[in-house]
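Line order of the protein sequences matches chains A, B and C.
For the first sequence, our numbering gives the first residue as 1, with consecutive numbering after it.
For the second sequence, our numbering gives the first residue as 1001, with consecutive numbering after it.
For the third sequence, our numbering gives the first residue as 2001, with consecutive numbering after it.
By construction, these hints were calculated from the structure, which means they are not laboratory data.
Here the structure is a predicted model, which is why all the values come from computation and not from measurement.
Simulated pairs of lysine to any residue, SDA-like, Cα-Cα distance not exceeding 25 Å:
| id | chain 1 | residue 1 | chain 2 | residue 2 |
| --- | --- | --- | --- | --- |
| 1 | C | 2114 | B | 1287 |
| 2 | A | 409 | A | 384 |
| 3 | B | 1154 | C | 2146 |
| 4 | C | 2114 | B | 1294 |
| 5 | B | 1154 | C | 2113 |
| 6 | B | 1154 | B | 1305 |
| 7 | C | 2229 | B | 1212 |
| 8 | A | 169 | A | 223 |
| 9 | B | 1315 | B | 1117 |
| 10 | B | 1263 | A | 327 |
| 11 | B | 1118 | A | 379 |
| 12 | C | 2353 | B | 1101 |
| 13 | C | 2394 | B | 1174 |
| 14 | C | 2394 | B | 1176 |
| 15 | A | 375 | A | 407 |
| 16 | B | 1298 | B | 1267 |
| 17 | C | 2394 | B | 1431 |
| 18 | B | 1263 | A | 87 |
| 19 | A | 335 | B | 1310 |
| 20 | A | 335 | B | 1308 |
| 21 | B | 1036 | B | 1384 |
| 22 | C | 2076 | C | 2054 |
| 23 | C | 2049 | B | 1434 |
| 24 | C | 2049 | B | 1431 |
| 25 | B | 1118 | C | 2313 |
| 26 | C | 2229 | B | 1121 |
| 27 | C | 2202 | B | 1235 |
| 28 | A | 114 | A | 366 |
| 29 | A | 183 | A | 256 |
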Amino acid sequence: MPGVEKRGVPRDLPAWFQQSLDCVHCGLCLLQCPTYQLFKVEPDSPRGRIYLARALAEGGTAPSVVLKEPLEHCLDCRACESVCPSGVGYHLVLEGARETVAGQVPPRFKDRLKLFFLDAILTRPRVLRLAFDLLAFWERTGLRKLTRLFLFGGLKRMESLLPPIPPKKERRLPPPRSAPGGKPRARAALFTGCVMTELFGRVHYDTLRLLLLHGVEVVVPQTQFCCGALSLHAGSRERAMELARLNIEAFPRNVDWIVFDSAGCGAMLKEYGRLFEGTPLEAEAKAFASKARDVTEVLVELGIETPPGRVELKVVYDDPCHLCHAQGIRSQPRKILESVPGVELVESADPERCCGAAGIYNIVQPEISERLLDKKVEEVRATGADAVATGNPGCMLQIRYGLATREGKPMEVFHPVEILARAFEDGRTRR
Amino acid sequence: MDALAEDLAALVNRESLLTEPDYLMTYECDSLSFFKQRPRAVVLPRTTEEVSRILAYLSRKGIPFTARGSGTGLSGGATPVEGGVVISLARMDRILEVHPRDRCALVQAGVVNTALSKALEPLGLHFAPDPASQPVCSLGGNVGENAGGPHCFKHGMTLNHTLGLTLVLPGGEVLHLGGPCGEPDLDLAGLVVASEGTLGIVTEIWVRLTPNPETFRTLLASFRSLEDCSRAVSRIVRAGIVPSAMEILDKKSIEIVEASVNKAGYPLEAGAVLLVELDGRPEEMERPLSAVEEACRKEGALEVEFAKDPEHRMKLWKGRKGVYGTAGRLAPDVYVMDGVVPRNRLAEALHRIQEVTDSRGLVCPNIAHAGDGNVHPTICYDGRDPEQAQKAEEAGREILRICLELGGTITGEHGVGLEKLSLMPEMFPPGSLRVMRRVKAVFDPAGLANPGKLIPLEEP
Amino acid sequence: MISRLEELLGPDAVETPAPGSPWANLDGFEPEAVVHPATEEETAALLRKASEHGWLLVPSGRGHALGRGPALKGVKIVLALDRMREVTYEEPEDLVISAQAGLPVEEIRERAGKHGLRLALEPPMGEKATAGGLAALGRSGSSRARDGRVRDHVLGVRALLSDGTLFSAGGRVVKNVAGYDLVRPLVGSRGTLAVLTEVTYKLRPLPPMDRTWILESGAALEEILSLGKALVEMGLEPAALGAWGSPSSGSLGIRLSGEEEDVLARRNRLPCSLPGRPGEWIEREETGLLPFEVLPWEALDEGREILLRFALPPSALEGFLSLLPGESVFFVDLATGRGEAAVPRESYPVLRKQAASSRGFCVVEGGPPTARGLEAALARPEGPERNLALALKKALDPAGILSPGRLD
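Just chain A, same shape as in the assembly:
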């Protein structure tokens, strides 16, 4: 905190522990926390988890399965950070505590299985591509429909979380370099991420198109990696740093921005600097992080061109946690939507409360995730909107799944840039 001296804190403790000292136990975070809202117990609140983490660091308690549970219940949505007057870096405390516990309490078998899946598939682009090719085959041949009949429990749920696999051309990365007509106003590199490309590759193309329309030259590094967020949140800092290093190397230095269209990845990219604090890579990581921008940030900064076409749609915008709480981005996506002629933007009761996706949370904590999703679906349906817009693949999957599995009128799920891009598209075809 600039200008204010922090008194009396010894400097030889881990950074996350120092963060925990900023907590004065005021409790203003409690009701912001989705799990506290559900359970109303202190250990399932940010304040309670910080208290436990602090005790863990000070030796007041030891890692155990009991201690691990509330730490795992946390969605890491960071809603608490948005209201913390003391500015506690809660996610740092949580990650620190999770790491400490993970080192000493082995994960349960089914969690190990999930972590293996995470590490072996998601963080390896080629394996991931192959996996989705197989999924696409499974779907195209009608086997998916068939298997559905035999699936039960967790697997059945995972199957229904997975949307139809997009056609192969959408799952390809955009070309390495695209230039706008005329002299470029800026140069950007597109971060594509892992799942986003395989399931929402069309959004990358829309992002690309909009950037070009706004006069930005776009490069797309063809070998890039998962941002590392999923590994970090699961307590595996090493793996996260490795992925981050690979990405830092893969991206060109001579760009103004590193643009992403997935809020979760974006929040992680912006953290790269802190991740490498005190390592030789620090300066480079900080430079990388300082260029990271959400596509909606960039478009608003450039000034959104009025699209020639119209999209007649009543849309409710749902804030991805990693956009509003982690990055403080709230108005830009709404401005994007409002700039589209024909769009009526409405607000739901609590757009900033997590939908329960939270990375792979919806797979590892299905019960809590489903309960949060119940609330989310109820609230977005109550607005009477035709579609939900949200800027993160996890949220898009989760809300789509939620709408499909809960009774009520069908609603579509979009990324905000998809709607803007469609308005430009519409204009072109009309002309």
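Place chains B and C on chain A using the hints.
Coordinates of chains B and C only, in the frame set by chain A:
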């Protein structure tokens, strides 16, 4: 699971009970982390009937208990008692009845202050007391402490908005005191307000609802010094103006707010700012507003700024309400005081408070609900350093003595709890403490309801 | 007893009630002595003595509220506090005044008025009330909608238990949560728990404009109530809104206070009159509705009638008032649902039942002492709430000498 846990589980259910030591640890203090005591168990009932069953059981076993809402109290009122059980009312969070025409509602004790006002929004009503912790604190907690807030200068404290309540006595007996129309008989509900859970557990509350003001006018005046600022407050009161709120923030508070997520745009060069709000119908704002402005200018205001729109107003308020938490950035521990002095002694009080903390080298942002003479010096220290902790405690005590000396009180809205127990004999003649002990014994003859809080147990 | 009292307080402080004085007839019997202690110490000494000997007594200011509410039983001594009339603390800048129990409320008003302030309580029969009596009775007047209840205005008290123990509760500042708020049960306890010796009141600035308009229409209750309801729903936020009269012919009064422009703007929004009826809003010279508020008392025929005090949720008023027999005289505060009515004795059970079913109450406040028995007492007739009230009484007044009959 030990016998107590088994018995409790049989009374409620396993999901309503916490017994793991790690989980119990998170209940060992409320917002005042100076005092810590791990409870034997935490029970989370959902109905009055469950509370009654639990209390009947605990009384049979002679086990003390402490009620807890959201745990945002600042005097240790919800700190568990040694060997005791915590009864968390957090899951009793239903609004049971709303009667807009009669301007009252029946709520469970765990309903959160702003959750009620949010639910009432479409009806144009709200619950008036607005403690800084209102987004999280429970109405049961508000009743337990008689919570106030910036706007109680005009609108009153929780007591003034409590019409009746359901009280479960320590033996499990359920009493309905007052009601939507109050009582023709003794005002026992009023006695239970501010009793800090020492008379039993309040499970349901009839609250009075207040129509939302048509308009707000908010202004921020900056001053060279705290003294000028306090004099402006006296001048406003003298002019016969009743603003809904008048808040003072000193230089240190301005600095920390401006460096936090609640950045409000307070001028960093000012020695103090005064945040004044008026509410009501548009026709009743102009004269008082200009009278306030004039009073500020006459006392040497450097600048007077008016809130431009509702967002600006919210921003000005968020800054103020976040001061306590924000102070966490200055030191690991924060001790927020809650003394009251007569309004016209405010300048003197603030000056002397500053001397007390300065002379001990303690950092202490100062804020005050100036309209009520309610000061909240926020002492920052590192509790791991015994010397600092002692200094903080001494300074706190001295500040409250100053309040007493000026004709005030040791707590305006945070309660006595554990924190100010030892100051009670300085505040009250022995007769008062004797009467209070007799009152306690009427409700709680076995001494099981949050014992050791609010009044010193033994005759000195 | 008389000689002991004289020994204790001096002969000029002890009298036998003169015929015609307010304390000559206490709910059907005559007390043996009226004592006028001059100080808190003397009062304490008297109480100690009374406790010791079991002398039943009733504290009083100037005696005007005796004969109201639950009937006294067997009182020997009237403890008149009318000689204790000092102003003990006065800080107009802090909007606070403390007065000994016997100080007439009128004097507080005068002092406050000099500083542009007011005591924001207007109990009926206010001109005779004392600082202690006002708090002990706990009756706010028709300006309750704006000003709230008596308990909202008492910041602190000094009081004596029946054993002579002096204690204080609350304080002199507007916010105070130190210890149990003993002020609350004392306000409205009618001298059953302790003897108030000093009361600290909040003061409020006088509003720039305070006006009262009345509509004497002679319309039936139903019409009056529906107009009253409309006025409430218009959001006029009146300082007082009262209806009075008899079921067949009622009147309506509204009081608006605040900034001049605001009062006049709201005045202009008042609907001209009742549809299809003559009459219009006439401004009263005096402000407030006091003369109408005491109408039921003036009309009370003790031979066959009783005076009921009631409170109902405003939405339930219509149902309740429609049960008033034709000859009743009532005043009701439409904003808060409180009121009084002089009714034939036999109407009481049905009215009480109706009030209870609407979650309000209806108790006997005036009439012959025989009518003001258990039903009028400060403790409910039965249930755990009654037990608690009695236990509290026993804890504070173990000898049971204070105002016997009113609580138990």
